[in-house]
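Working from the sequences, and respecting the hints, build out all of it.
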Amino acid sequence: MRFRDEYRDGRAARTLADAIARTVTRPWTLMEVCGGQTHAIVRFGIDRLLPPDVSLVHGPGCPVCVTPVEYVDKAIAIAGRAGVILCSYGDMLRVPGSGGDLLAARSRGADVRAVYSPLDALEVARRNPRREVVFFAVGFETTAPANAMAAYRARQEGLGNLSLLVSHVLVPPAMRAILDAPDNRIQGFLAAGHVCTVMGYEEYLPLAAHYRVPIVVTGFEPLDILEGVYRCVRQLEAGRAEVENPYSRVVRRAGNRTALAVMGEVFRVIPRRWRGIGDIADSGLGLAHAYAAFDAENRFGPVALDREATGECISGRVLKGECKPTDCPAFGTRCTPEHPLGVTMVSAEGACAAYYRYRSIPARSS
Amino acid sequence: MSRDDDFRLACPLPAGAGDTVQLAHGGGGRAMARLIDALIRPAFADAELDRRHDGALLALDGPAAFTTDSYVVRPLVFPGGDIGTLAVHGTVNDLAMCGARPRYLSVGLILEEGLPLAVLRRVVASMGAAATASGVRLVTGDTKVVERGKADGLFINTAGIGQVVAPAPVGPAGVEPGDAVILSGDIGRHGMAIMAAREGFGFETVIESDCAPLAEAVLALFAAGVTVHCLRDLTRGGLASALVEIAEAAGRAIGIDEAAIPVADHVLAACELLGLDPLQVANEGRFVAFVPGAEAERALGALRCHAPASGAVVIGAVKEGPAGEVTCRGALGVERIIDMLSGEQLPRIC
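Going down the list, the protein sequences come from chains A and B. Under numbering that gives the first Met the number 0, residues 0 to 365 are what the first sequence spells out, in order. Under numbering that gives the first Met the number 0, residues 0 to 349 are what the second sequence spells out, in order.
Do not take every clue at face value.
Unchecked claim - Each pair of labels, with its calculated beta carbon distance range: (1) A:297 / B:128: 52 to 62 Å; (2) A:3 / B:76: 23 to 33 Å; (3) A:116 / B:71: 20 to 30 Å; (4) A:82 / B:176: 57 to 67 Å; (5) A:325 / B:339: 19 to 29 Å; (6) A:82 / B:339: 35 to 45 Å; (7) B:271 / A:297: 33 to 43 Å; (8) A:47 / B:113: 50 to 60 Å; (9) B:141 / A:116: 39 to 49 Å; (10) A:157 / B:115: 33 to 43 Å; (11) B:176 / A:106: 34 to 44 Å; (12) B:113 / A:297: 38 to 48 Å; (13) B:115 / A:325: 52 to 62 Å; (14) B:339 / A:47: 16 to 26 Å.
Said to hold, decoys possible - Partial list, computed: chain B residues near chain A (C-beta under 10 Å): (15) 199; (16) 200; (17) 258; (18) 271; (19) 273; (20) 276; (21) 330; (22) 331; (23) 332; (24) 333; (25) 334; (26) 335; (27) 336; (28) 341; (29) 344; (30) 345.
Rather than coming from a laboratory, the hints here were simulated on the basis of the structure. Glycine included, every Cβ here is placed at the ideal spot set by N, Cα and C.
Structure (structure tokens):
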């Protein structure tokens, strides 16, 4: 398949891996920010092509993983109300709240629908004028423009029966929180390519300069990731800390101006809590004041954030890159995709799910 | 005058109700008799049905295979087929995977009140055509009607009986290290066709289901004298589930090569877009065959003469290794584990 196979070429991959091995003279620890990159790394075994001195740790870029449990509970509670249609992305439906997930709510009779775009939720609202349609809007900067467009169009059309339950988060504040941690061990970042497609990469320049870390805008195919690693270790070996963009076939410095304009119109930056990580200042998006009427928290009552329960799950440490899924004693035994203890085992972008799906686990056959 | 008009005039129901299924059609009275006589029996066209008896009387020589399956799909009609073709091909294929020549099918129809008769007519016509193409007879059946909201338009159950032609038992127990794993063609068409039709994705190319009868291709293996150890048609859960099920049941390890697995470009593009793994996407006209490595070429030659298996290829082999483990060598030469789908296949967020 064109535009895919050329980025999965085995020979080119080995050439890049060799170049990385020749460049590296000492140990380096890099973080790939996005869960999509984590899955590609584990699926294609990219980490196994790298020299032992290069460690890849997995970042917080799994949108459903970092959505606070209270928002899932709120979505389930709203879905249970008479006359409500709750729409969300497919992999959000399996995320466990404190008492089940949205699929379980559907089996109890709630009208819960998986949509492929927030604009589908808009269409559901148009077709069901007597029903309250709620779109559970989660994600990073990647899903924000489409979610913003749904709210924008609803306001333009005066569509009074659509509202958004928003739990949007932003990547750079999370990277800053990871770098500020006293025991941080991340020395370079593979930035999330699709986030940069929307946002551009100018916002990473002060991060790279302040924390003295290289940040390389990286795509999702094996060669993209190996190129990102190569550029990162080349900078580290040379003592440089710059923002580089080898993913230029997709990402421009200033991002997508149209997407940024609609995000600026609909959203404002607010503090957010990240599941497993905690509260991070200015790390999320909420609806702007002009869109307050479309906020499901205004329509159905606000989400009250409790102190996060600490159970056996170590997904918070996995999301911060402090440990690998296989470091968890419950991994693959008490915690599986069928019976997850945490969201990182559920989502298509969760690191634990990637390890479970693609790596051999002795306990699994028992 | 169209056949729809014929039917409406003949049906003793209130005006305006003649173009949809009514509860009376399942009531055991005249309305039901007319529905069966005017619409279903002509489509199935079998002498056994014309005897209007409580069951069919069949002749069989030697060992027989017997299977049943129920069919629910939304939408009822999709590119490449409909629920009727699925219901015939699916059961015919299950019989073929037992090493049997499909002979007889029963048909149970559960109709939802309000189902357009035009849809029912299309579906039963598809079933008749699929049965003819598969060399199988639809010899007995049943029709029920349930209230609106109690079914999703139309559910079908088919059960089938086939004449076993395999000289030795076919199944996971026969799988041995060194067996070649043959895949009959490209994967993922049915699942993506259904998803595209259901969700209204505006893909530039229409993806058609691979729904097809596989008995002729399978019987060709036996006719060619190939020692067939195991057969499995790929349905829900896709190639991944079929291989894991066989590896677990056989207590063997299987290794496959991702580069050898054919996936059509437009199917692959749709999977990439939605974050789905083609190995886990449903099929309705593909199967895997386990044959001794030395007989793989002969098996491929026999399979490729039959349309649904014209793209047959060897994708891997049975290995010594942990029981139940299926590994896949990826594009970069690194092996990964292949696992069954967990729960429902859901598209990713971004």
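Structure-based check of each hint:
1. For the pair residue 297 of chain A and residue 128 of chain B, the supplied restraint of 52 to 62 Å holds, since their beta-carbon distance comes to about 57 Å.
2. Checked against the given bound of 23 to 33 Å, the beta carbons of residue 3 of chain A and residue 76 of chain B, roughly 32 Å apart, stay inside it.
3. Distance hint check for residue 116 of chain A and residue 71 of chain B: the Cβ-Cβ separation is about 26 Å, which falls inside the suggested range of 20 to 30 Å.
4. Between residue 82 of chain A and residue 176 of chain B, the C-beta spacing of about 60 Å keeps the proposed range 57 to 67 Å intact.
5. In this structure the supplied range 19 to 29 Å holds for residue 325 of chain A paired with residue 339 of chain B, their Cβ-Cβ distance being about 21 Å.
6. Distance hint check: the CB atoms of residue 82 of chain A and residue 339 of chain B are about 38 Å apart, consistent with the given range 35 to 45 Å.
7. For residue 271 of chain B paired with residue 297 of chain A, a C-beta distance near 38 Å keeps the hint of 33 to 43 Å intact.
8. The beta-carbon spacing between residue 47 of chain A and residue 113 of chain B, approximately 57 Å, falls within the hinted interval of 50 to 60 Å.
9. As the Cβ distance of residue 141 of chain B to residue 116 of chain A is approximately 42 Å, the hint placing it in 39 to 49 Å holds.
10. Roughly 36 Å separates the CB atoms of residue 157 of chain A and residue 115 of chain B, a value that falls within the hinted 33 to 43 Å.
11. Take residue 176 of chain B and residue 106 of chain A: their Cβ atoms lie about 43 Å apart, and the range 34 to 44 Å holds.
12. In this structure, residue 113 of chain B and residue 297 of chain A meet the distance hint of 38 to 48 Å, their C-beta atoms being roughly 40 Å apart.
13. Between residue 115 of chain B and residue 325 of chain A the CB atoms are about 55 Å apart, so this pair conforms to the stated range of 52 to 62 Å.
14. At about 24 Å, the beta-carbon gap between residue 339 of chain B and residue 47 of chain A stays in the expected band of 16 to 26 Å.
15. Of the supplied interface hints, the one on residue 199 of chain B holds, with its beta-carbon coming within about 9 Å of a beta-carbon of chain A, less than 10 Å.
16. Interface restraint check: residue 200 of chain B against chain A, minimum CB-CB distance 7 Å, threshold 10 Å, status holds.
17. For residue 258 of chain B, the interface hint holds, the least distance from its beta-carbon to any beta-carbon of chain A being 9 Å, beneath 10 Å.
18. Given the 10 Å rule on beta carbons, the hint for residue 271 of chain B holds: about 7 Å separates it from the nearest Cβ of chain A.
19. A hinted interface residue such as residue 273 of chain B counts as satisfied when its beta carbon comes closer than 10 Å to some beta carbon of chain A; here the least separation is about 8 Å, so the hint holds.
20. With its C-beta approaching chain A no nearer than about 9 Å, residue 276 of chain B sits inside the 10 Å limit, and its interface hint holds.
21. With 10 Å as the threshold, the beta carbon of residue 330 of chain B comes within range of chain A, its nearest partner Cβ sitting at about 4 Å, so the hint holds.
22. With its C-beta approaching chain A no nearer than about 5 Å, residue 331 of chain B sits inside the 10 Å limit, and its interface hint holds.
23. The beta carbon of residue 332 of chain B is positioned within 10 Å of a beta carbon in chain A (closest approach about 5 Å), and the interface hint is therefore held.
24. Against a cut-off of 10 Å between C-beta atoms, the interface hint on residue 333 of chain B holds, since the closest Cβ of chain A lies about 3 Å away.
25. With a cut of 10 Å, the hint placing residue 334 of chain B at the interface with chain A holds, because the nearest CB-to-CB distance is about 7 Å.
26. With 10 Å as the threshold, the beta carbon of residue 335 of chain B comes within range of chain A, its nearest partner Cβ sitting at about 4 Å, so the hint holds.
27. Evaluation of the residue 336 of chain B hint against chain A yields a held restraint, the C-beta minimum of about 5 Å falling below 10 Å.
28. With a cut of 10 Å, the hint placing residue 341 of chain B at the interface with chain A holds, because the nearest CB-to-CB distance is about 4 Å.
29. The beta carbon of residue 344 of chain B comes within 9 Å of a beta carbon in chain A, closer than 10 Å, and the hint placing it at the interface holds.
30. Hint on residue 345 of chain B holds. Least Cβ distance to chain A is approximately 3 Å, under the 10 Å limit.
In summary, this structure violates none of the numbered hints.
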